[in-house]
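Protein chains in written order, with my numbering: chain A, 2 to 272; chain B, 503 to 784; chain C, -14 to 203.
Everything labelled a hint here was simulated from the structure, so no lab data went into it.
There could be a bad hint or two in this list.
Unchecked claim - Within a straight-line C-alpha distance of at most 25 angstroms, the following computed DSS-like cross-link-like pairs (lysine-lysine) qualify:
id, chain 1, residue 1, chain 2, residue 2
1, A, Lys85, A, Lys113
2, A, Lys113, A, Lys164
3, A, Lys164, B, Lys683
4, B, Lys731, B, Lys555
5, A, Lys113, B, Lys555
What the hints assert, rightly or not - Some chain A residues flagged as far from chain C (calculated, every beta-carbon gap over 12 angstroms):
id, residue
6, Trp33
7, Pro58
8, Thr131
9, Gln147
10, Trp155
11, Arg161
12, Arg163
13, Arg212
14, Met227
15, Asp242
16, Thr256
17, Arg257
Glycine included, C-beta positions come from ideal geometry on N, C-alpha and C.
Okay, here's what each chain looks like letter by letter:
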Amino acid sequence: MGQVMEVPRVDRQAAALIDHTTGIQTDDVHAWFDHLHALRGITIAIPERKITAIIGPSGCGKSTFLRCLNRMHELVPGARVRGKVVMDGQDIYRPGVDPVQVRRRVGMVFQKPNPFPTMSIYENVAAGLTLAGEGDRRRRDEVVEQSLRAAALWDEVKDRLRKPGTSLSGGQQQRLCIARALAVSPEVLLMDEPASALDPASTLRIEELARDLAKDITIVIVTHNMQQAARVSDFTGFFLDGQLIEFGATNDIFTRPQDRRTEDYLTGRFG
Amino acid sequence: MMDRRYWFRRGKDRGMAVLTFLCTIAVLIPLFLVLGFLVRTGASALNWDFFTKIPGAAGEPGGGMANAIAGTLLLIGLAALVGIPVGVLGGTFLAEYPHARLSQLARFTADVMNGIPSIVIGLFAYVLIVLPMRHFSALSGGVALGVMLIPTVMRTTEEIIRLVPQSVREAALALGIPTWKTTVRVVIPTAAAGIVTGIMVGLARVAGETAPLLFTAFGNRFWNWNILKPVAALPLQIFAYAISPFDDWHRQAWAGALVLVTIVLIVSVAARVASSRQAKLR
Amino acid sequence: MTRQAFERDLQRLADDVVQMGRRAGEAIHRAVEALQTRDVVLAERIIAEDDAIDAAHLDLEQRCLRLLATQQPMAGDLRAIASVFAIAIDLERMADHAEGISRAVKRLGSAPLVKPLVDLPRMEARIQEMLRETLDAFRTHDATRAARAAAMDDVVDELRNRVLRDLLDSMIQDPQTVPRALELLIVARHLERAADHLTNVDERIVYMVTGEMRELNV
Chain A
2 MGQVMEVPRV DRQAAALIDH TTGIQTDDVH AWFDHLHALR GITIAIPERK
52 ITAIIGPSGC GKSTFLRCLN RMHELVPGAR VRGKVVMDGQ DIYRPGVDPV
102 QVRRRVGMVF QKPNPFPTMS IYENVAAGLT LAGEGDRRRR DEVVEQSLRA
152 AALWDEVKDR LRKPGTSLSG GQQQRLCIAR ALAVSPEVLL MDEPASALDP
202 ASTLRIEELA RDLAKDITIV IVTHNMQQAA RVSDFTGFFL DGQLIEFGAT
252 NDIFTRPQDR RTEDYLTGRF G
Chain B
503 MMDRRYWFRR GKDRGMAVLT FLCTIAVLIP LFLVLGFLVR TGASALNWDF
553 FTKIPGAAGE PGGGMANAIA GTLLLIGLAA LVGIPVGVLG GTFLAEYPHA
603 RLSQLARFTA DVMNGIPSIV IGLFAYVLIV LPMRHFSALS GGVALGVMLI
653 PTVMRTTEEI IRLVPQSVRE AALALGIPTW KTTVRVVIPT AAAGIVTGIM
703 VGLARVAGET APLLFTAFGN RFWNWNILKP VAALPLQIFA YAISPFDDWH
753 RQAWAGALVL VTIVLIVSVA ARVASSRQAK LR
Chain C
-14 MTRQAFERDL QRLADDVVQM GRRAGEAIHR AVEALQTRDV VLAERIIAED
36 DAIDAAHLDL EQRCLRLLAT QQPMAGDLRA IASVFAIAID LERMADHAEG
86 ISRAVKRLGS APLVKPLVDL PRMEARIQEM LRETLDAFRT HDATRAARAA
136 AMDDVVDELR NRVLRDLLDS MIQDPQTVPR ALELLIVARH LERAADHLTN
186 VDERIVYMVT GEMRELNV
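Sequences are here, hints too, so could you generate the full structure?
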């Protein structure tokens, strides 16, 4: 049941973006781990202030791709990146660009919540500011409260900001990490399987949160959970063996993918 | 048939359990014998004078080891000043760049230094500091002890920092915090408790060293807080009293040994408590 | 592993849709037969058997829902299940029209026909042809064939217009025939509606295969 018939192949990428501005764009990006060619020529335009999901089987390069967007991939010994990643008309890999500045504009949330173990909830959220030398106490307080509200955590922790970050539950810790990332006002937020270590209820809260955040910032979420990708994202990109196979509006990708490989992946024939 | 083999095996199990239990007891026996002996012989000389007076004239009863206790503490302080910065920063480097040539060399060197006889380290400090200064000093003693402290602190720091999960570093880096700041303001504080424990263990070891102090700190019968002059130290004083012909001084030597062992014990136990509390927090 | 079981379920679903289609087609055929032979007993049987077809529809619906809930299908699988869901409704409506025709037969009883039946059986033959093409298109995932089947609806509509004109003439000429003529009009309307439902099914098949929603009812 359900084969794909001859339908004129529309350039879905172009079509999908007709009414959207680009938040971050990659141009023929390649990435290596020593001699392992992990990403092969990824060209993708991620729409601004929308949620883009990246799906694909294990080892297809989705996390590597994410880490190329905030220049974290190059921190691994032996890792290399080639190609352009453009934000606001500027290539973040241009020689002379400070990767530290890039990482302040492109934030990241990881699979396993990782609050700083020796810091309190307040200190965790403020870490990005404190360690950049933001001295004004009142400004810090404001940003901490704003970020915790944006992460839907303020009400739960406002009375215990001095308690250690690790005293929260898993779902709360992840929201704390999101608040921490938001505190430095990034334009793009990268989420690497943010809910895979959480229970279903916390997962749904994180998804809701992502949708709220997308009103102001661009979100790219890597997930191996297809239902989550379908639920939460506006656009979806399917990766396989280091290549981008298909990209388009989530609704189109999930109901009528154009590439046979996408169809097979979605229907569980592999991966 | 099954029965006999079963009982035989149970017997062997029991036998091994008993044997290992007895061996453990055997390990504890020397420790308790020494402590007991020290307490019995030394406690009698422990009095207020012991902790407040300096040694009296040769042959005269009375006097105490106040200056030696203070001197030991001073030397520990100097050793810490020398050993901690080098050890912690060195250990951090080893942990952050584990495969660098320099790291491999440093590790090898630290291991070798651990094995060098302490008297040789003392000689090194003698040549380096005492000779140019033309006299013995607390400084040279502190340096000698500090040099002995470095390998221990460096290795423990490396271990502890290695234990800090990569996820903590990644979180900091992803926030746009530069690498060096991540190490200094995030990684080291996270490892702080473990590092402190390592330092305390190292200091406890170093506090009781006698040989390196023989021609560096040299010992002193009077109060001295000038680090450029010789200073008294418990191990030196114990040695001096023990080889003297006076009974009173012999008893004081025992008391000094008891105090020294007690200091080491307290620091070791404190380190243990701190590290177990640290483990509970995780 | 789960994929195999899922494939089996999907296949069974497809088989049962074809089954249901055949039964609906048979009901239409026998209903028109009952009209031709004035067999009220047969008409009664068709009316009674409609319950079984309703039950088959509900069963298909339940199974679709269960698959949606448990398998969370995507892409082609999702379209397939959604299509089966919709097709079952249209097939059930077709069977209802067979029932409607049978009720008209009952009402006519043994009264003489207004005019010899020519166009109505032709309509029914066309419908059977449409049904055969449609069910084959469904089984073989042939969107072109489904589109072709839908095109045959034009002929059925044409035939129905002819029946209407003829019956109008009769009614004008002899007002006595009006009650009986109206019944025949009703039968014609049921047959036309049955063909329309088949074009709906064809649209669903095209969607299932290509992912495009196209209007085939010209």
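If you check each hint against the structure, which ones fail? 1, 5, 14, 16, 17
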